[in-house]
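Novice: Single-letter residue listing:
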Amino acid sequence: MFCYQCEQTSRTDTGAGCASARGACGKDATTSDLQDLFIHELKGMAEYARRLRDLGQGDNEAARFMLYGLFTTLTNVNFNPARFTQMLQQANGHRERLKGAYEAACAAQGVAAETLGGPATYVPAANLQQLLCDAPIASIQAGLDAVGEDVVGLRALILYGLKGVAAYAYHALMLGQESDEVFAGVEQKLDLLASEPSDVGALLGAALETGSLNLKVMELLDAGNTGNYGTPAPTRVRVTPVAGKAILISGHDMVDLAHLLEATKDQGINVYTHGEMLPAHSYPELKKYPHLVGNYGGAWQDQQSEFAAFPGPIVMTSNCIIEPQPSYRQRIFTAGPVGWPGVRHIENHDYSAVVAAAKALPGFDADAEAQEITIGFGRDAVLGVADTVIDAVKGGAIKHFFLVGGCDGAASGRDYYTDFVTQTPKDTVILTLGCAKYRFNKLDHGDIGGIPRLLDMGQCNDSYSAIKVAAALAEAFNCELNELPLSLVISWFEQKAAAVLLTLLALGVRNIRLGPTLPAFITPPVLEKLVEAFHIQPITTAEADLAAILGDQAA
Amino acid sequence: MSSRDAGAKHRVSLTTRDGQQVGFDCAEGESLLDAAARAGLHLPAQCRSGSCGACRGRCTSGEIELGEHTEQALSAADQARGETLLCSSFPRSDVAISVEQDLAVIQAPGPVERSGEVVVVEPMGGGVMRLLLKLGPAPDGSTGADFIPGQFCELTLPDGAATRAYSIANTPNWDGLLEFWVRLQPNGKFSTWLQGAQAGEQLKVKGPSGGFTLDESSYAPRWFVAGGTGLAPIAAMLRWMGEMSAMQPARLWFGLNREADLFAQAELEALQGGLFAGLEVNVCLWQPSTAWSGCRGTPLAGLRPALAQALVDANPPTLYVCGPAALVEAVVALAAELGLDPGQVVSERFLPG
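Top to bottom, those sequences are chains A and B. Reading the first sequence from the start, the letters are residues 1 to 555 in our numbering. Reading the second sequence from the start, the letters are residues 1 to 353 in our numbering.
The set of hints was computed from the structure by calculation and includes no laboratory data. Among these hints, one or two may not hold up.
Unchecked claim - Computed list of lysine-lysine pairs in DSBU-like fashion (alpha-carbon distance at most 30 Å, straight line): (1) A:Lys-442 - A:Lys-265; (2) A:Lys-468 - A:Lys-399; (3) A:Lys-265 - B:Lys-134; (4) A:Lys-265 - A:Lys-399; (5) A:Lys-287 - A:Lys-394; (6) A:Lys-359 - B:Lys-9; (7) A:Lys-426 - A:Lys-399; (8) A:Lys-359 - A:Lys-288; (9) B:Lys-189 - A:Lys-359; (10) B:Lys-204 - A:Lys-359; (11) A:Lys-394 - A:Lys-359; (12) A:Lys-216 - A:Lys-426.
Unchecked claim - Label pairs and their computed distance ranges (CB to CB): (13) B:Ala-336 - A:Val-123: 50 to 58 Å; (14) A:Glu-369 - B:Gln-20: 21 to 29 Å; (15) B:Gln-20 - A:Glu-475: 54 to 62 Å; (16) A:Ala-107 - B:Asp-313: 43 to 51 Å; (17) B:Pro-305 - A:Ser-198: 48 to 56 Å; (18) A:Gln-267 - B:Arg-92: 49 to 57 Å; (19) A:Val-123 - B:Asp-313: 30 to 38 Å; (20) A:Leu-55 - B:Arg-304: 36 to 44 Å; (21) A:Val-123 - B:Glu-71: 38 to 46 Å; (22) B:Pro-305 - A:Arg-64: 30 to 38 Å.
Unchecked claim - Sample of chain A residues at the chain B side, in silico, Cβ under 7 Å: (23) Ala-19; (24) Thr-30; (25) Gln-177; (26) Ile-322; (27) Gln-330; (28) Pro-362.
These numbers come from a predicted model, not from an experiment. Even for Gly, the Cβ is constructed at its ideal location relative to N, Cα and C.
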């Protein structure tokens with residue numbers, strides 16, 4: 001295996017990347033190789049799909065499969081090789097259908113059908129041994145000797161960004177939102193990767209286009225979430241358990257939560273959100289269920305301890321699953337794109353097994369001491385008090401805004417984000433989103449004239465809300481986005497964050513501070529170009545970065 | 001790694017966040033993480049190779065050799081504070097470590113005693129009875145049947161006159177149901193009770209126990225060898241593989257003495273249709289009638305050429321063997337003779353009873 005798609009990938013003196021029997025995330029070599037082959041097949045599908053769509057005959061069934069397929073290969077999503085051997089065959093079926101349709105469309109329109117090569121001709125072997133023998137052709141490092149690390153890294157940047165795009169687009173799809181433009185964009189980028197592009201400038205351009213595509217996707221997802229569940233509003237959320245039977249649901253997929261809440265209605269079972277599901281409490285159509293009682297635990301990397309201590313079943317709806325421990329292996333369920341060998345999978349939103357498990361498991365025997373946090377500062381909530389905010393800025397009560405968010409992780413360097421937020425001056429406001437917030441969202445940060453200093457905007461994809469707020473503020477202050485008293489301090493871990501980062505760059509956002517380390521696939525020469533164009537920079541220490549940001553502002 | 005003497009053992013004292021102390025032995029060549037797992041203490045871990053930082057602990061006394069790890073997972077400053085990565089920590093003396101988890105969180109579930117109400121007792125052919133029990137609540141209030149396929153329980157008769165260990169033949173479930181396949185023994189205490197057992201009678205059930213379980217981390221083909229009711233835990237494993245859509249192709253050699261001993265034929269047929277990667281069933285009779293068209297002899301007769309071929313094909317299976325001691329020993333010896341890695345033989349002998 002070789003994989004360097006996430007932030008925690010192994011880094012040694014000799015280079016970066018996980019290349020042993022098991023990656024830093026727990027993904028084993030077999031699963032990793034099968035994922036590579038599966039991506040290779042998706043590229044082959046896209047070769048035909050893109051051309052077929054160009055002829056006016058988009059195949060959205062194939063496109064939906066591509067979104068789902070790409071999503072399964074994100075970090076900590078699906079480590080079940082059985083699912084990949086199945087999907088390899090399914091992808092082959094889709095590609096054959098696309099090929100047939102493409103050739104028929106060409107014949108009907110009197111144009112010559114291209115003879116496609118590369119991934120478009122790959123046929124997956126029937127057995128695991130042979131599949132693994134084929135894996136090198138599909139490695140993310142394929143062609144390294146010919147094109148060098150910069151090009152391989154840029155191809156990786158596009159692919160990983162595209163995985164994030166696909167994950168968000170799949171969430172939107174589950175909420176009833178899809179777009180031919182998005183399908184076309186995904187197909188076009190996969191088709192580009194299938195052609196083994198090697199022009200650094202063109203690759204950088206394609207990476208930024210992937211970011212623009214992601215903005216469209218986050219808009220769709222936002223429409224899906226707010227269209228189905230209403231506009232998020234500031235909400236107090238209990239973060240300690242109450243007595244009674246309990247189900248914990250993690251991940252990003254609100255549709256799964258909505259189905260679970262219906263399935264558990266009037267059954268005497270309490271539902272708790274975990275990780276990125278926290279923002280659900282701020283949506284009117286979800287918080288209306290009285291048995292959605294609170295949020296449990298911290299960010300994803302603490303799950304092995306927290307799930308073991310949870311006295312009920314656990315549902316993982318998207319990322320991020322870690323190897324389930326023996327003490328809770330029988331009571332954790334996967335849903336949607338998620339999978340783990342030896343763990344039960346929920347099909348078609350049928351939560352009956354989870355309900356049965358909740359009834360059979362003890363639940364919490366007593367109320368814990370009550371503790372609450374406030375969430376739900378989506379763009380409508382923030383812009384609803386825009387006048388107050390603008391006055392506070394003009395009057396000097398608010399000196400600066402920080403957007404501190406993204407993904408959390410286990411690396412010790414991530415303490416930076418706690419230090420950073422706790423050291424921000426009292427006349428500054430912190431916007432946050434993603435699961436990085438768990439590093440500081442249970443601390444008391446105070447308020448400025450009634451406006452909480454910490455405003456939780458939601459999931460990582462609610463970056464869309466943050467972008468809207470920033471754009472509105474820029475308009476109000478009659479300035480450019482980069483001239484706002486706003487600094488972005490981003491914590492990245494996996495490919496959704498890569499997509500969001502590309503979106504911010506595509507919008508021309510400068511001076512982003514990124515940590516805890518920079519992506520391993522971005523080589524120094526490519527980084528130099530990004531620094532030149534966007535002045536992107538690695539985090540240093542909370543003290544130094546705060547001094548630099550606020551010093552710059554003073555100057 | 002070569003300098004490590006896998007044989008020299010040290011005592012590890014582990015303190016949990018809630019102040020509980022547990023001890024276990026760890027060889028110099030074994031990581032503290034692996035040794036803890038052997039002792040039933042499952043600490044958080046992801047990569048098991050020193051690069052993710054999930055298995056962080058603190059060494060409070062003693063000497064540890066830290067193996068390969070990345071600076072990102074454990075910085076020099078972390079080390080200076082006594083922090084270590086348990087997956088890459090190898091003891092060089094008795095050591096004391098502390099972790100940030102409560103004991104209850106890292107301990108694997110152990111056997112507990114519950115009541116078991118008879119739901120069904122019925123013959124399933126060959127002098128074997130199916131006994132279906134519904135468990136009463138566990139001490140923590142849970143009512144499901146939570147175990148790992150392949151494990152067993154100890155059943156005590158209502159009058160306390162006999163306790164026998166039987167493997168569970170069904171899969172974990174939330175209805176609290178446990179299925180056992182019991183061969184009737186002439187004049188056996190349990191057998192005598194079983195023949196007159198009525199629905200509603202209450203047994204004592206202690207479990208689950210046992211380490212005869214599937215290696216979920218291996219994608220090698222899974223080959224099963226069962227002797228008599230040694231089929232029960234293997235049936236649980238195969239049923240689980242069906243529920244999980246497991247990808248490993250499965251083969252079974254099922255040994256009995258003669259046609260009259262045949263049982264669970266319907267169950268095997270159902271399994272053959274239910275496994276994602278297929279199941280080949282070979283029923284082997286030691287003393288069949290002339291009419292028998294299946295395998296003759298012990299399961300070894302069929303297993304030997306198949307295993308030899310798999311080794312030639314460089315596609316060695318994991319062998320799961322359960323049955324009388326003689327059968328298990330013969331399979332283990334055959335595997336050793338043909339050169340199968342001993343780590344790929346998982347076995348359980350019938351307990352004397």
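Novice: Give a verdict on every hint.
Specialist: Hint-by-hint comparison with the structure:
1. A:Lys-442 - A:Lys-265: holds (29 Å)
2. A:Lys-468 - A:Lys-399: OK: Lys-468 of chain A and Lys-399 of chain A at ~20 Å, within 30 Å.
3. A:Lys-265 - B:Lys-134: holds (27 Å)
4. A:Lys-265 - A:Lys-399: violated (46 Å)
5. A:Lys-287 - A:Lys-394: The given pair, whose Cα atoms are some 36 Å apart, is violated under the 30 Å limit.
6. A:Lys-359 - B:Lys-9: Cα-Cα ~45 Å, so violated.
7. A:Lys-426 - A:Lys-399: Cα-Cα ~9 Å, so holds.
8. A:Lys-359 - A:Lys-288: holds (23 Å)
9. B:Lys-189 - A:Lys-359: Cα-Cα ~36 Å, so violated.
10. B:Lys-204 - A:Lys-359: holds (23 Å)
11. A:Lys-394 - A:Lys-359: violated (56 Å)
12. A:Lys-216 - A:Lys-426: At roughly 35 Å apart (the allowed maximum being 30 Å), Lys-426 of chain A and Lys-216 of chain A break the hint.
13. B:Ala-336 - A:Val-123: 50 to 58 Å: violated (40 Å)
14. A:Glu-369 - B:Gln-20: 21 to 29 Å: holds (23 Å)
15. B:Gln-20 - A:Glu-475: 54 to 62 Å: holds (59 Å)
16. A:Ala-107 - B:Asp-313: 43 to 51 Å: Taking Cβ atoms as reference, Ala-107 of chain A and Asp-313 of chain B lie about 45 Å apart, which means the hint holds.
17. B:Pro-305 - A:Ser-198: 48 to 56 Å: holds (52 Å)
18. A:Gln-267 - B:Arg-92: 49 to 57 Å: Once the Cβ atoms are compared, 55 Å apart, the range 49 to 57 Å for Arg-92 of chain B and Gln-267 of chain A holds.
19. A:Val-123 - B:Asp-313: 30 to 38 Å: violated (22 Å)
20. A:Leu-55 - B:Arg-304: 36 to 44 Å: Since the Cβ atoms of Leu-55 of chain A and Arg-304 of chain B sit about 59 Å apart, the hinted range of 36 to 44 Å is violated.
21. A:Val-123 - B:Glu-71: 38 to 46 Å: holds (43 Å)
22. B:Pro-305 - A:Arg-64: 30 to 38 Å: violated (47 Å)
23. Ala-19: violated (11 Å)
24. Thr-30: It holds, given that the least Cβ distance between Thr-30 of chain A and chain B is near 5 Å, below 7 Å.
25. Gln-177: violated (30 Å)
26. Ile-322: holds (6 Å)
27. Gln-330: This hint holds: Gln-330 of chain A lies near chain B, its Cβ roughly 5 Å from the closest one there, short of 7 Å.
28. Pro-362: Status holds, d = 4 Å.
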